[in-house]
Structures are given as C-alpha cells and as structure tokens.
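Chemist: Residue numbers (numbering that gives the first Met the number 0), protein chains in the order written: chain H, 0 to 379; chain L, 0 to 379; chain B, 0 to 379; chain W, 0 to 379.
It is worth saying that the hints were derived from the structure and are not from the lab.
Mixed in with the good hints, there may be bad ones.
Keeping only pairs whose Cα atoms sit at most 30 angstroms apart, straight-line, the calculated BS3-like set for lysine-lysine is [stated by the list, open to error]:
id: 1; chain 1: B; residue 1: K287; chain 2: H; residue 2: K287
id: 2; chain 1: L; residue 1: K287; chain 2: H; residue 2: K375
id: 3; chain 1: L; residue 1: K287; chain 2: H; residue 2: K287
Number of protein chains: 4
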Amino acid sequence: MSRRPIRMGMVGGGRDAFIGAVHRMAATLDGSMELVAGALSSTPEKSVESALDLGLSKDRAYPDWESMLEAEAARPEDERIEAVVIVTPNHVHYPVAKAAMEAGFHVVCDKPLVLDEAQAKDLVLTRTRTGRVFAVTYNYTGYPMVKEARHLVQSGAIGDVRKVIVEYNQGWLATPLETTGQKQAGWRTDPSMAGAGGAMGDIGSHAENLVSYVTGLGVTEFASDVTTHVQGRNIDDDTSVLLRFDNGARGILTASQVCPGCLNDLRLRVWGTTGGLSWQQEEPNTLKQTSLEGPDQIHHRADASLCEAASATNRLPGGHPEAFIEAFANIYRSASSAIHAGRDDGSAFDYPTVEDGARGVKFIGAVIAGGGQGWKSFQE
Amino acid sequence: MSRRPIRMGMVGGGRDAFIGAVHRMAATLDGSMELVAGALSSTPEKSVESALDLGLSKDRAYPDWESMLEAEAARPEDERIEAVVIVTPNHVHYPVAKAAMEAGFHVVCDKPLVLDEAQAKDLVLTRTRTGRVFAVTYNYTGYPMVKEARHLVQSGAIGDVRKVIVEYNQGWLATPLETTGQKQAGWRTDPSMAGAGGAMGDIGSHAENLVSYVTGLGVTEFASDVTTHVQGRNIDDDTSVLLRFDNGARGILTASQVCPGCLNDLRLRVWGTTGGLSWQQEEPNTLKQTSLEGPDQIHHRADASLCEAASATNRLPGGHPEAFIEAFANIYRSASSAIHAGRDDGSAFDYPTVEDGARGVKFIGAVIAGGGQGWKSFQE
Amino acid sequence: MSRRPIRMGMVGGGRDAFIGAVHRMAATLDGSMELVAGALSSTPEKSVESALDLGLSKDRAYPDWESMLEAEAARPEDERIEAVVIVTPNHVHYPVAKAAMEAGFHVVCDKPLVLDEAQAKDLVLTRTRTGRVFAVTYNYTGYPMVKEARHLVQSGAIGDVRKVIVEYNQGWLATPLETTGQKQAGWRTDPSMAGAGGAMGDIGSHAENLVSYVTGLGVTEFASDVTTHVQGRNIDDDTSVLLRFDNGARGILTASQVCPGCLNDLRLRVWGTTGGLSWQQEEPNTLKQTSLEGPDQIHHRADASLCEAASATNRLPGGHPEAFIEAFANIYRSASSAIHAGRDDGSAFDYPTVEDGARGVKFIGAVIAGGGQGWKSFQE
Amino acid sequence: MSRRPIRMGMVGGGRDAFIGAVHRMAATLDGSMELVAGALSSTPEKSVESALDLGLSKDRAYPDWESMLEAEAARPEDERIEAVVIVTPNHVHYPVAKAAMEAGFHVVCDKPLVLDEAQAKDLVLTRTRTGRVFAVTYNYTGYPMVKEARHLVQSGAIGDVRKVIVEYNQGWLATPLETTGQKQAGWRTDPSMAGAGGAMGDIGSHAENLVSYVTGLGVTEFASDVTTHVQGRNIDDDTSVLLRFDNGARGILTASQVCPGCLNDLRLRVWGTTGGLSWQQEEPNTLKQTSLEGPDQIHHRADASLCEAASATNRLPGGHPEAFIEAFANIYRSASSAIHAGRDDGSAFDYPTVEDGARGVKFIGAVIAGGGQGWKSFQE
C-alpha cells in the first residue's frame, strides 16, 4: 500500500486520556493517517504540552480546536490537515465536528456521535451540505470476524434472522469510581458531558451498532429497563432492552458497567431459521457458526473461506492473533480510503457513517427516555 | 449408605418416552429408590408392555394410574409403593399427583408442576392436608456447582445481587417438528397438554427456578415478549423477560427453542456489588467466580473449598466429570431422605417443593399472559 | 432393553475404596449387571460389613474371595454369580482373575491388568483355555466421542495418522500423600501392590490404551524418561515417552501425578495427512475435528452425524451432558452383551479385552525399564 | 513517551515477504523506531521498488544491503540509520548482522539467529567487540502474560519447577507446499537457507526460548525424534524432544508443521511443587495459574495484580485485547530503550540478546543432530 497517509489534526486525546492514544496507533498502524496537528486538551497549556510530547511541531501544537481549525485552513492545501479526528468527551463532539466540516475538513469522530437527536440531525445535514467524509469510530465493526458474520447473515448462511442477543458488560463502574477523581469515570457518568446514556451511551451504543451492522435489521419497538445501581450516580449504569426488529425477529440488548469481572465483554449471538452465529470481542479471532443438525463450525480470522471484507482486513496469517488496535485501524483504513476517493460512502468503503452515529444517538435517547415504561415504537 | 431404597411406582415413561428413563437411572443410581410398579403409558396395553420391558412383575404392571393407586394402596404396608413418580406430559400431573397424595403416597413430579395456577394452588393445599413429601424435579438445582453458587451468594461472596442473566436456549424446535409425528414435539407444543407456556413452560420454568434457588430473590415486576416464530405453532417458542427483584436487582430471562445449534444451553450469570458468578449446564463441573479486581477463580466440582451442600452431592474426585444423570440423582437422593424422615422440608433436605413448583406455574402464566404488554407486577 | 442383568460378585470395593462404587453405579445404571455377592475387602470383617452396607444378603457377604468363588460355584446355575468383578489394588488382580475363570466365571477387571508380563501372559492363556469373557475397564474408551474419534480415524476422515499426543496429567501426588495414611496414595505408590509403574501404570496405561483404541496403531519403538519427583517415593510420578508407530507415525505420551491443578486431565490429539482430532476427558461431550483449510468442526455427543458405536452409547439428547459414570457404564453394557452371547469378542461387542490389558502391562514394564536409556524397540 | 524514534534501515521484508511488514508495524506502533532506509529484497530492482512502495526517499532505497551500510555510514550522525533490522531468510542474517555491527550500527535480527553454531559464536564475539545493541526478535516473550508467567515462576508462586510442556504446532506444511512456488515454504524447507532445523528451527526455536525466558532453567540433557513426514522434503517437519533441566525438572518440547488445523499453536505449561501455569499464544490475554488445592486463577492482561514487566507492556485496559503485533512491538520498545541508553543489556531492558539467539542455534543443531540417537548432554 504505497498510498500516502491522510494528514490529521486531533482534538482531545492529550495527557491522561485513554482513547486518544488508541486512535493514534490505529490511524498510523497501516499508514492510513499521520498526526500533524493537535488541540489535545481542554486546557490551552496542557493542550500544547501534550502535542509536544507527541513530537508535533510547535506551530501546530494548538491551544484549542478553534485556533487549530483557523490556522490549518490558512495553510497551503498540500500541507494543511485533511481530517479532524475528535476524541474528546461526548459533549465536545458536536461543535468541533460541525465547525470542522464547515472549515472544509473531513471528520473522524468517536461515539456516541453527540449528546442528543437535535445535534445529530444537524451534523447529518451539515455533512450533506459540505460533502465531507464523516466516519464514526464504532470500532468493533472493524473486526474481520464481525465482517464475516455480516457476510454470513447477508448470504443466507443462517436463514432469516429470528433472535438476537447482544451483550456489553463491564465491571469498572461497580463502585462510585467517579468520586475518586478518576477522569474517565468522571465525564462518562456526567450527563452534561456524556449525554443521556451512561452504560447505554458508552457501550450500549456499540451494541446497537454491532447488531445493525451484522444483521442489517432495524428496530421497530422496544421495552427497556434503565437502572442506576451505584448510589449517587446520575446516569444509568445498567440497561436492558427487549427488541423487535422490522422482519419480526426478537432481540435482547444489555449494557452494564456494574458486572464485576466483566472487562469489556461484548458478545453477539444471532440465530436464523437454519443456523446461528456467535462472536465475542475478547476472543475476536474466531466466529462460531451453528446449524440445525451440527456439527458446529469454528471459523478463524484467516481461513481461506472468509468473505472479501474479512480477508481484506486481515494483516497476519491465522493463529497470529489480531485484536483491538488492528480492528480499530481497519476503520481508519476505510475512512482514509473514502477521503482519498473524496466520497462519503460507508457502504462502499465499509465504515460507520454519520447516519449510523445519528441513529445510535436517537436510540440511546429513546431507550433512556422509555426506561420502565413498557413497549415503545422506534423509527430509525 | 446402607439405607434401603424407597419403593416407587411410576406414571408415564414407557416406550418412546424420553424423560422416564432418566428418572429411573437417577432414582436408582445411588439406590435412592427402586421401581416396583408402573402405569407407564396412556394406552393400557402399551402401559403393561412397557412395564414388562423393565422387568416389573406382571401384577404390578398396571394398565393405568388409577388402578395402580388402588391396587398398591391395598398391598401390605411394607410392600406397597411409597412414592408415585409422575413423568407424563404436563396435563396429567395434576390428577395423578392429587390422587396419589390422597391415597397416602409421596410424590415426585416432573416440571412444570401443572397446567395453571388453580391446579397448583390445589396441589399445595392437598399436600399440606395430606402431609406427604412432594418433590418437583427441577433437576438443574441438583448440580453441585449450582449448590456452590447458591452458597457463595448466601455467604456474601459477591455482595448484594444487582444483575442476573439466565438463558435457556435450544434449537430443536426451529422447524415444525410437531408436524412430523415426533411425540416429544407434539405434546410440548400443544397447550392442552403443555399448559400456557411452550418454551417458557418447558425450559423457562427451569430458568426461573434456577434463579430463585441460587439468588433467593423474588420477582416483583417483569416485562415479557412472547413469540411464536414457527408458523402454525400454537404456543411460544421464544420468550424474553426483563425482571425486577425484591432487593432492587435487575434481570433478564430468555427461553428459546428456535436457536439452531443450541442444544440444552442453560446458563446463569449473577453479579453482586463485589463479584460475580457464571455457570453453564453443558459444562457443569466448573463455576467461575469473579471479583472487582481480578483474577477470576474457577471452582471445580470437588475442590476442597466447596460448601457442604456441594460436597455432599459429589460422587467422584475432581476431573472425573459428573453430569446430567448424577445431578438428577441428587434430587432423588434428597427426596428419598425426606421420605425416610417423613418430613416435607425442601430447605432441610435440599429439593424443590410443591411450593416452588406452584410459583413456577404462576410465573409461566403471568409471563405468557403479559407478553407484549409492558411492565406487570408479580407476587409470589 | 428388557435383557436381564448379569449377576456379579465383586472383589474389592468396600468401605474407603474409591473405584468400587463407580463400578457398581456403572454396572447397574443400564441394568447391565446386578450385585448379588461380594468379598469387598482384604479384612474378613470389613468385607462382610461392607457387603451388608450395600444390602447384600448375609450368606453372600463373603469374608474373602476364595470363599466367594467356592460358595457361588456351588449354587444352582440360575442363581450363582456369572461374573466376578475385580476392583482391588493391582496385585490382587491376577490370583482372583485366574481362579475366577477356572471356577467358570466371567471376569471384569480393573486396569492395569496385573503386575507383570508373566502374569499377563498367563491370564491370556487361561482365558483362552476357559473360554470365559474377560473385560478390562479401560473406561475412557467408553466415551461416545472416543468411539467417534476411532470411527473418524478408521474411515479416513483425517487421512493417515502422522502424529499423536496423549497426555494424562494429575496433581494429587505432588506432595508425599502416601505418608499421611491416605489409602489410595498408599497402594498406588507401592510397587508391590501397584506394579512397576506409578504414574505410568495408574494413568499412563489408560493413555496407551486410548491411543491404541482410537488409532489402531502399534508402538514399535520408544524412548522414555521415568522420574520420581517426590522425595522418598519408590515409583515414578512423572513419565514421558516418545513413540514411533508401525505406520511411521510419531507420538508423545506423558503421564504425571505431580502437576498441581491437573485433576484428571486426559487429552488426546491425533493428526493425519488431511485433518486432526482433539478430545479432552474433562469435557467429554465434544470432539474437535480439524482440516487442512478450516473451519474446525465441533462434534457433539448426540449429533445426527455420529457413527453407530457412538450413537449406541448415548443415553441422552445433546446438551444433556453424560460423563464419567455413563462412559464406564458403556463398558459394562458391552461386557454384559458379550456374556449374554457367551462370546469373548472385544471387537464385536466393543470392550477392552484381556489381550488389551496384557499389552498394556507389557508396555508399562518396557517404558519403566527403559527409562533414560534411549530408544528401545517394542513388540506388542 | 516523548522519546524520538530510532532511525532504522531494514534488510529484507520487501514485496511478497511476510514478516517484514510485521516488523515495521511493531517498530512504529509505539514510535520506537522509524523506517528511513531499506535494502528490502535480494533483487536490486525489487529492492528499490519495495522501498519506494513504502515511501522511502529515493536516495535511501538501496539495491542491496552492502550499499546501504556504506552509504548510511557516510551520512551525518544525526541523520544516518542507527539500527539495522534484519528480516531476511536465515542464511542472510550472519553476514548482514556482522557487517552492520562493524559499520557501527545496532542490530535487530529475526530468529533463528544464524545457520550454525560457528556463525552464532562469531556474532557474539563481534557484538562484544563492537559494543553494539543486539536484539533477536523472539517475539513471543513480548506478551505481557508471558512476562507475568516469568514473574510468577521467579517469585516462587508455583514452587520449584518440576515439569514443562511446550508445544508449537502448525499445519501449513502438511502438504508439500514448497513445490508449489510458495515463497515462505520454499526457503523455510531449504536447509541452505533455513539452517539445520525445519520445524525445529522455525518454531522449535521459539519454544526453546519461551521455556528459557519463563523458567530460567537450562537444558542439560535431551532425547529427540526428528521426522520428515512429507515426502521429498529435506528438513524436519515434526520434532519431539524430551528435556532434562539443570534443577532436575523434566520437560517435553514438540514442534510440528504437519498438524492440520493447528495455526500457530504455541502453548506453554509449567508445573512446580506448589502450582502450575498455562498460557496459549492464540489467546494471549489470559494466564491460568493453578495450585495444589484449587480453585484455578485466571489472570488477565491488565489485572491490577500483575508484575511491573507485564504492566509496563500493556497499552490498553483489560478486555481490550492486545495480540501479536503489540507483543512484537514490546520487543522493539525494549530494544529502542537499550539503544537510547547505549547499553546492550537484555536483562535490564527485557529483550532477547545475541546470546539467547546463539543458545537457540546451538540447541537447534544439537536436537537435529541427535535425532533418534537417545539421550545427549547439552551445555548452554
């Protein structure tokens, strides 16, 4: 792949951040993007220092995102950043993404997209108006075996989907960690920064997107239970949802942050009329396929039989496991391809779009608002 | 154990039946009971032939259960059956169980107990009135690691329970098997024989009981989705339920018979404030315990650290796996102990009681009736 | 199965014994045999008491095996025992088995068959001379998935076998348990009672037999390392062997009792020119089959595709796990069939024969004698 | 980590190569090194084209390694490469590594180090003489859980080591792939390019190094069986070794490339007097620790309890799996630290040294030479 890397400017991801470093590794692993500018923190000083830490040149170590957008836009075309990568807490996504597009930059934005449906709608419109490429890092769809699962569903390998169980359980918020000064816990449990959803927003949104990506089905009705187990917390830390899909399939989605011993336990099971699929994020290199009569089949990440989308996102031979960073890098590779092509086409380039992100925000809002209220209809 | 076996008379379980043979192996594995009489089929001829197949003497190979009860009651006390074991389709449980108790016999009855709440209530009253021992074969509570899980919850090893996920998925009814003459599929999908619940009744009832046994919690509210995926079927084959418990814990219960590749996939996960537990019926010899900080612990069926209830139901050293029949036999061993003691005390002897069975029937009925209707309250 | 149970007299297996109870459960689970007489201990008093514990009649609760053989032989033919089941420490196997056959009884004998090759040869000759049925309880070959593995090898599903790894690791003798009075540890580490092999004899013999059963290959050369890790012990507790087979395949056999955390960890892997098989005793209900290209296949104990030998030894539907006792019972079922037929044919009835047992004894002796001495040839 | 990347020049790893790309990703993932020059192929033209593919400047896209060393040495000190990374087939390692050190460059070299013991000794001497940093990419020691295993052994968590089983099985050479023109199969089965060992050299060397790294034990005696199963092949494709260690421990090492279904199945189990450890490369984020009494413990890659060496090589929170590339990158990070410090100290910086590589070459040679000849002594 001799393609040159896309020049990126990052917003957020400075010292003490978690996900920023992941984005940088993912963006550069295959040479998809290179970091040339940054406004890496909400504090001007820390922002600049973080950028220098990372070896950025002084004149591109910006104190805030506004100045980055302005200064970069003023640079020569073959030098200025092409994409703005947004890895801040959720409440900053909207203004940065909107301004970035309006300043002519493509956008890669972490999930959930924004705080509410109104912001989401506006970003969708802005993207259409500006024609920029916009990718949302629902990174779990970057795993090759998730792509294979999608392929198997689409190709009819399990028949018509009847039942879906998606789970995303963690345990790190089983105690009031946010009261200890832990930064990640702080903003993720603060509705003004995280949005309406806690567990539902932070990880439930991944679960929703994974189901949508793999099954292609839309949710039409749901019943949710939205719970805060840890006293003093102002946001859900455990949400369960019954789902009905547009083809008549039924589903269960659960997202919890109070399950001690669960680290990042995202699992998807899908059953159709003639077979089933099972995948677990913590052992991402295999995919189980079942059938009416047995035996089960275990597909591996580099089996000759895999679909093109799965094969294309493999770097290593079978048995040389790939994992989180590599899957994340696949999203960057796809987004970079779209930017090179100048075409915001998530289907063609296989990345999550602003529309996917907007649907997720709408879903989070609906699930939280409908908590404990019985069945609600949902229209994507 | 030099205790003599309890003399049992079996109703149902003749040729072509599935669960009858399991009951016989379970009853005799440890010498808990011995089969001395039977009315093994709904057809008089087949009933007698089935009994002779099993080596019963001609005069105790009865054409129907009514004649068995009458004839056995007329035998000398030290010869006549002491317990009636009911392994028929569900709709036969009630009349046999009631008549058996009234004729002075103890009862071991398969689950779900009966067809509806009225029958259940009557059996509870009848049992109190007659003072007989009554055990319901919720056999999965017979597994030592389930007993260990219960012990760990009770002893506070995982703190206060916050979240429960119980799943019981099978795939054998993913096609309209009942239209092919398959006997098991036939009655289990016929509401007149099975009761209100299909998947919910046949396997969801095990799931309900497992949660109750392990956590000790009671359900106070639920929201259910009750679905029939296979066209032409008159009963649910896929039911999902959101649960709220009396201590504020939340739960998910799912029972499905249309998940191809799932054989008898009963799984229980329970998380509390400080830890979690995970157990799977298909690999019953281990129990995973998690904590806030890690590492996970894997308990084995014969570890020195196990509680008394788990140790007492072990037959073999660690690594010599025990499984379905042995767990089932533990229920018989407990019931037999109660009968020897002449005391219907499920807590003391560790077996599921008629009250447990009645609660299950009520729960099945409520879940089915409330399908798609939002949150319902439930009182045990 | 209306066949009447074979009447058995047991030698060994009284109070404090471990394996005797397993034999009794296995023999009776399917009604293959029934216990009618016993000489259950080496002490006359304990022998009788143990028999009464088990509900045997006083006149068949024998003080020693000699009197059992004599008295039973004197009973009417339709009443006397038909088979002698030997579950004593190894050094008692030979005299009892020989006398039993000469007294006209069939024999079921635990493994390893006897103490040395001379005894083994004599039993083989005695069996031929007397025409009795003789089964050795290499119980692990009773597992349905082991039978399926054998079938897959025989039917060419993995091509010509090239490599075999068989492991049998335990940890219970990692400390000098025999110095604490623990009875099992006592005789199993005493060469006068156990024979030449400790780990190699007690569990390595199972490993050897499993390989032979599944692959049908014979060992032609080996190099072994025979080690005693626990100070003061007079027998190997850890033996490793390189194997060469008569078709050119290579193998590794390891048997250790000093691997803390290993409970009864018997595993077999076999690879041929086009595929491989993997089975683990502690999760006996599945068998993994691999191929040159993937995906892997996981066979389950009751899959429709299983061979006849595997299907015939199934009792329960898939997902209702069967385990150690059930596999053991399959050996009894086969032996019982042979006795009913009056024909000592291990191939036809699928049980381990005295010749299998003799080969095992020879192999144990050779491996122990050749420890640390480089390559040795072996002729079965 | 604001440390600047080390400038590297790569030899080998051009078009069609496999491991070169892995080295580049590993070197750059954390910014440990940056690629500034290359002689990437044995053909001058392809060498230059491959370099341009990767975005190297024309004047540093060298036709061969000799010219790279010469030209780079002539550049200003703050511009020229600092390290030569050797990712060619094995037979090229020696001349390049020697010349590189003599030209003043540090070396990162793939394994096995060289073709024979004489070359190995010379590289060790050359390294001492030149004082350069020399790292061998035994990449599996880069996994955090391998470091934790080493720590647990060193800290006495399992007592004194008694038994080791290390396996490295693959299936990709089960057919004569080298006759199809497949490049990787070609040189790896050609002794003039690969050295004396096929399976033993390519993967057995990793197994040897893993045991050495984790246990710290040295091999004193061994007995090996060296086999070529695929007709026409001139090198072993299946080697098994019995091991004796300097503390009296016993071991088994097996390396096979003819096990269909095995992808890259490196596994290590170590048992000591009081516990055991088990790790598998294909599921590298967990480590099982066992004890005399149970329960087992499952450690996860980011557990708070991990040792410093394991924690320091973590990038992501628990449950966000890291895998092959990340482990490989840890070797680069260590080597880069040593280069920055100007000190070739594998213990301090935690990377495999030229002495580790030399021991591996000696071991490969001894195992192959001793194949089928019984016990041989070995001195490191």
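Chemist: Starting from K287/B, check that the Cα of K287/H is at most 30 angstroms away, please.
Modeler: Status holds; Cα separation ~13 angstroms.
Chemist: Quick one, are K287/L and K287/H close enough, alpha carbons at most 30 angstroms?
Modeler: Holds, at about 22 angstroms.
Chemist: Does K287/L pair with K375/H here, judged by a C-alpha cut-off of 30 angstroms?
Modeler: violated, 37 angstroms
Of the numbered hints given earlier, the model fails hint 2 alone.
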